[in-house]
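S.K.: Each chain is listed here by its residues.
There are 2 protein chains.
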Amino acid sequence: MEGKRVYYFGNHEAEGDGAQKELLGGKGANLAEMDRIGIPVPPGFTITTACCIDYLAEPTIPAALRAEADAAIARIEKVMGKKYADPSDPLLFSCRSGAKVSMPGMMDTVLNIGLNDETVRGLIARSGNERFAYDSYRRLLQMYGDVVMGVDGELFEHAIDALKAKRGVKLDTELGVADLQALIAEFKAIVRKSAGRDFPSDPREQLWGSVEAVFRSWNTPRAVSYRNLNRLPHDMGTAVNVQTMVFGNMGANSATGVAFTRDPSNGENFFYGEFLVDAQGEDVVAGTRTPQALNLQGRDRLPQGNPVRDLPTLEEVMPAAYGTLCGIREKLEHHYRNMQDIEFTIQDGKLWMLQTRNGKRTGRAAVRIAAEMQTEGLMTPDQALLAVEPGHLDQLLHDQIDPAARVEVLGKGLPASPGAAQGEIVFSAEDAVAAVKAGRKVVLVRRETSPEDIEGMNSAQGILTARGGMTSHAAVVARGMGKPCVAGCGDLAVDYPSGSMTIGGKTFKAGDLLTIDGTTGQVIGGLVPLVAPSLDDPHLNRIMAWADERRTLGVRTNADTPHDARQARTFGAAGIGLCRTEHMFFGEDRIKKMREMILADSEAGRRKALVKILPLQQADFEGIFTAMDGYPVTVRLLDPPLHEFLPTADQQAEIAELAGELGSSVAAVKHRIESLHEMNPMLGHRGCRLGLTYPEIYEVQVEAIIRAALAVKARGVDVKPEIMIPLVGTVRELKDMREMSVAIADRVMKELGAKVDYLVGTMIEIPRAALLADKIALHADFFSFGTNDLTQMTFGYSRDDAGVFLPDYVRMGVLPSDPFQQLDQEGVGQLVAMAVERGRSSGRHLHLGICGEHGGDPSSVDFCHRVGLDYVSCSPFRVPIARLAAAHAAIRNG
Amino acid sequence: MEGKRVYYFGNHEAEGDGAQKELLGGKGANLAEMDRIGIPVPPGFTITTACCIDYLAEPTIPAALRAEADAAIARIEKVMGKKYADPSDPLLFSCRSGAKVSMPGMMDTVLNIGLNDETVRGLIARSGNERFAYDSYRRLLQMYGDVVMGVDGELFEHAIDALKAKRGVKLDTELGVADLQALIAEFKAIVRKSAGRDFPSDPREQLWGSVEAVFRSWNTPRAVSYRNLNRLPHDMGTAVNVQTMVFGNMGANSATGVAFTRDPSNGENFFYGEFLVDAQGEDVVAGTRTPQALNLQGRDRLPQGNPVRDLPTLEEVMPAAYGTLCGIREKLEHHYRNMQDIEFTIQDGKLWMLQTRNGKRTGRAAVRIAAEMQTEGLMTPDQALLAVEPGHLDQLLHDQIDPAARVEVLGKGLPASPGAAQGEIVFSAEDAVAAVKAGRKVVLVRRETSPEDIEGMNSAQGILTARGGMTSHAAVVARGMGKPCVAGCGDLAVDYPSGSMTIGGKTFKAGDLLTIDGTTGQVIGGLVPLVAPSLDDPHLNRIMAWADERRTLGVRTNADTPHDARQARTFGAAGIGLCRTEHMFFGEDRIKKMREMILADSEAGRRKALVKILPLQQADFEGIFTAMDGYPVTVRLLDPPLHEFLPTADQQAEIAELAGELGSSVAAVKHRIESLHEMNPMLGHRGCRLGLTYPEIYEVQVEAIIRAALAVKARGVDVKPEIMIPLVGTVRELKDMREMSVAIADRVMKELGAKVDYLVGTMIEIPRAALLADKIALHADFFSFGTNDLTQMTFGYSRDDAGVFLPDYVRMGVLPSDPFQQLDQEGVGQLVAMAVERGRSSGRHLHLGICGEHGGDPSSVDFCHRVGLDYVSCSPFRVPIARLAAAHAAIRNG
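In order, the protein sequences belong to chains A and B. Just so you know, the first sequence maps onto residues 1 to 894 in the working numbering. Just so you know, the second sequence maps onto residues 895 to 1788 in the working numbering.
Please note: incorrect hints may appear among the correct ones.
Claimed, not checked - Calculated cross-link-like contacts (lysine to aspartate or glutamate; reagent style EDC-like; alpha-carbon spacing at most 20 angstroms): (1) A/K670 - B/D1129; (2) A/K735 - B/E1551; (3) A/K670 - B/D1389; (4) A/K775 - B/D1385; (5) A/K360 - A/D348; (6) A/K750 - A/E703; (7) B/K1629 - A/D808; (8) B/K1564 - A/E699; (9) B/K1564 - A/D650; (10) B/K1629 - A/D235; (11) B/K1564 - B/E1551; (12) B/K1564 - A/D495; (13) A/K735 - B/D1385; (14) A/K593 - A/E699; (15) A/K735 - B/D1702; (16) A/K506 - A/D495; (17) A/K170 - A/E154; (18) B/K1629 - A/D650; (19) B/K1244 - B/D1129.
To be verified - Simulated coverage check for chain A against chain B, where a stretch passes if three residues somewhere in it have a Cβ under 8 angstroms from a Cβ of chain B: (20) 657-669; (21) 780-793; (22) 796-804; (23) 875-883.
Think of the hints as simulated: they come from the structure by calculation, not from any bench. For each residue, glycine too, the CB sits at the ideal point set by N, CA and C.
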């Protein structure tokens, strides 16, 4: 390799900087950056990722690297005023990994490097703390043996446990100096026996052994699978940070702590943190000691009765160090222009910063921090927008499980629709409706849901299913309703006949209490405290106003009812991109007429039944048009296959009832159900295929749309109906359906003596339609990309069935993500881009939008922006997210 | 319009010629051509298709057209030596349609134009036959009234029937002169009453009325739907042929006949035809009189006892005219270089030719004619190849229903696999096997078939299904077996419980006799005489030798057994393009092991079962490799979802048996069956998705392939195995499966200390694979286009379900043809072309082939040639057809 191998930092003379994450890793770059801007960090050096890549190709440490490291060590020794592993006053090192992208806990660390039988005495002498020194040595033996020499870590733990048992103590801290000395001897023996060689007392050998181990840890199985899981490249390599050890556990004038520059839970601009005196970093998080509040402001915010209220704060016990820390807080926020998550150690009164990084925060905090930092001049509006992630908004829109609550997770499914829900378990849609009428709250648990369950789903607080993926019926409908849903929970077994379910080894009966978390996919027994959402937030309003100003993509909603339409408007939807008409056929008053239509054996019979449906559907459209006054409403004509509206073949009672109602025979009804059965309904007789073969169905729907539009227009509503033909795969399908629509509209308008503008367009959801988009566009006013079906057909994945292999595929890295959640830009995206280009090449002015589930997914929204769509459409509860994602896309793509 | 409107012909001075079919229509161009080459045709003129197009846009006859027609009439009058509608010796005209492409019977004709109360007397005077003249007049009134004046034709028929009843006679010919005169008066009254005006006696008005009617008949509903059905454009228009009437019914010195220049049933080079003395053309085909043999040669070929053997031939009764006809036969064959189908009329001893066109012929005749015409110097080998259509070969490969047999067609399904079959009806695969073991022949009748029916299908003479399309399971498997199959017969209702079926209003029980014709889709009650096929034909051998020389596309076969492989070799297959391994799991000895594998609940359990399958599958491969010695064999790893190998949930007895065999519980087996159930199995957990999630399955298959290859290689077989990974949609799928294959092969070869060359490639059958072909190609030695699945996914059509709308789509012209039969070049073809281009752009040398059903379809083979594939692969019985089609493609595309 060429170039510099080692980057020194310390004494504000860092050779690297925060921009060099690729070469120095995130940790190394940030240490250098802090050092450069005058923040005290323990001196050290970073070995570049390039060295790691070289090492992995040929596992030797080149002389040039040793030489550069030696030079850096000399600088450190000069700054610290002591020598590495000097027996009288030893300088010790830590050795940590640090890749470009954080991979927490995935790679190895060795601490206290430089200790041996001699130097440990120097440490005792300087620290005056024998137990501390031997414990540090013991830890080095343990970590080095495990990480560098490949000794099974369990062996060390067993030795400690055995010693504690012998001594009759429970905590490591109860072991005395003599115990630790014995343990050190035993650890050495374990290493010798297990590794076949001695623990190296040579400090140089320790150092390079540790560096090599960190290099190697890039390719441990857990690191590889972590990268697969998080879709990270395998060729980045890790940097290695060798840094002076500082100790917060050297007495009453030492301490260690973690802090956030603002409150990460609500975003309030106050310095939030915890610390412990005479402790190591791991003690703060381990829970063996109770960390104290950083300052009085923080302590005062604790609830009455919290024992920490009785403990002193850093502000009080080490006012000088606290003052320095406050200055650093200020400096970091101004430098990074974001809320920081920091780690610090105070050794003998001297403050050292060990880490800074952008802090994780709740949705509410993210919004407040962004808005306030803009006010404070720390962020531009664009930066403030980028500081709020779409996932943050998602939290704001739904109930959340109280982060403070202790919960017992029984199992996990797919986080299909966000938010937490709880109530009594019911196993059928009917039970859900009945229970809710009786004033109870329920969670509907099903193997899977079907369109017949809609009312029950609507009644329930949330939905839990054993089968199906992120775009299964339950998931799609729940998201549309904004209702929490955990789908495809493989741990769950539902037994309808006995009215019970089993999960996590526990069995629940109907009526038992359950909580589900659709944000995480968790299923929890009983009730747990929830935190309610609130959208009425001035900070949020400012962020969203900037987003709307910044974005060029329109945002519509997928809504089938006036209620959903109104709700989506409050979330900022400017129109309906997908109004599914099939849900209109499932109401109590309609399903029978629909079945009568399906079971009719002639066109005349079907028309007779359809005429009864017409006024009902017209009324539906009037409601939706009125709710969307001033905005376009894209109505998709009937899409699902007809058998979805009939009982299934084994529902004997329903069939008998249906036959009775229609004056037909059970055999005839059964025969019709059988004749409509399909092997692959997804690829069957549905969408415009029904429209062409049973023209009367679409004719009635178009008539209802036009009549409704004229009716509401007469009442002063600014109505903009768009008729959308689904499942078009050939030019003639759209041409014929367009001609039919125009003919019906002309007739109705002539009859009523009034006019209304409308568009006729198509879904692009079949690969062939994308391929023929130039010809199809000649008959279209708009294209709406139905990326759910387009994904199904382009991949050959049934979204109902892919749940058995898609999770494996994502886990194995065969796919970067579930293509039903994130649009597959590499494959499906090619078809979308092709259809956009070919469609526009037709010379027609086409409106282009997307109405698949991807319309609410941020990375997919970014794609839609880049590919030149006019709008995205998503379920009401995703509308704010889509608005923000669209703004992000506009900012990121210039 | 510009240019000439009217083209005169007659007296060998025709203005047009045979190449002008677009302008003059097929009939007009051929009449002009015959006239030019010295063949006597009644003089006339053709009004161009351009005039028709103009007329349809603006329905008036321009003065220029009248003037040109008048000039042509004057030339006719001069040649014929009489005047149009001259009362003393009238020249009469026929007026016939004639489009570029023949649309037999779809448009209108008017004969005897020019007759009226005056001219009929001139016709009587010149013909000396009063009855003939009045009958001709009566016919004009009837045709003109119907065609030109829009009178319901039934009215005339009722009048004739009433008169016959009154006279007490049965035949029209029994009506006398007085009767005909009365009828003429009545017909005139009918016209007047029905059309509101008189039949025009003015001959010019008659002529132009007829011309306009023919123009208009281009757009009659039946003509429009004929064009839709035959995918003909609607903007061609028809030419109009006005031609001198000649009469074969003017006495004993007149005659009319039809003939083929060679025997159309076997191709023998002799002049085959029929004629009648004193008759009109329609009498020859109407069956009211028995036509006589044209010559002695033809009469001698009639079977003993045929009454025609007692009738004189034209050769005997009109030797001069016959001699002229023989000369014309010679001239036409030399001119058209093809066997001709001709019509002639002898009026008063003078021979006139009315029509010539290439004659329809049987497959056997086509082959013999082409081969012999090449020998005779009439055709080049290329022309001979083009003179044999792929459909002709199809006939040669299968039993056919004797064309002479009278059959009662009960219903019609899809012609799914060609050939005729007959036997006793059975309703289950088991019954088929049992009956055949007992020495009986059966037709297997099912609602639809599934992989479990394979043995029964193999035992049966043929298969009839009520459901499914051209690529349903029954159709695909039957074609693979070369077994006749009628699929998706909507007229058929099968009732398993009662063991009966109903079709065409008749009910059949198991054991009743049935005949099916997979070439036409006909279902026929009882047994009818069949004609056996023969491939041992020197003419065919010559044609196929030319084809193999000419074609550049390789032809392989889809075969799963050594038997099929050997059969395909005899048909000329040079390798196997698709060896499906799933059929290897359905044998009695394997299915149980396969089920044991599927029901195992761990990888170890699956491996244990798979180890038992390995030697069986290896033996299968050894057989196939040996049968294909010297040629490549592409083995597709397991493709269908696992549930296809298990009993279905309602097969209680089978489940119980299976549970018993495996020492498992019924509940556990049921649970596994349920857990494997898929909503859309076509888009489910199958192909390489199984390979990745249950790696042990593919590992065992690859091991079996490599072991088999090494074993047969050791026995001297030249083996060329190609491992094909199905259903690849992502790069990683192929990459992983290739690495796995190479690892297994390396291991086995090392273990056995021997080597064998093999390829690893993939099906391109998922749209996404075509889109990513450049990246996928990096891991492939070959692509094989699986156009069945590619068509399913590109269109979003399930081939199992599309039967309910695809026939409608083809009928309505939404699709030009069933895309499962003819590759959709416009849509699916784009993906194929894209994958070819992108795949080759990867820089790898890729072998490219197609193994979908389209590999045996001529138009698809042509596409494969143009797009640059290396080979096509099809079922054994399509191999000769593919070879011929490939030669056609090479000739047509230069």
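S.K.: Taking the earlier hints as the rules, which of them does this structure contradict?
M.R.: Structure breaks hints 1, 2, 4, 5, 8, 13, 18, 19, 20 and 23.
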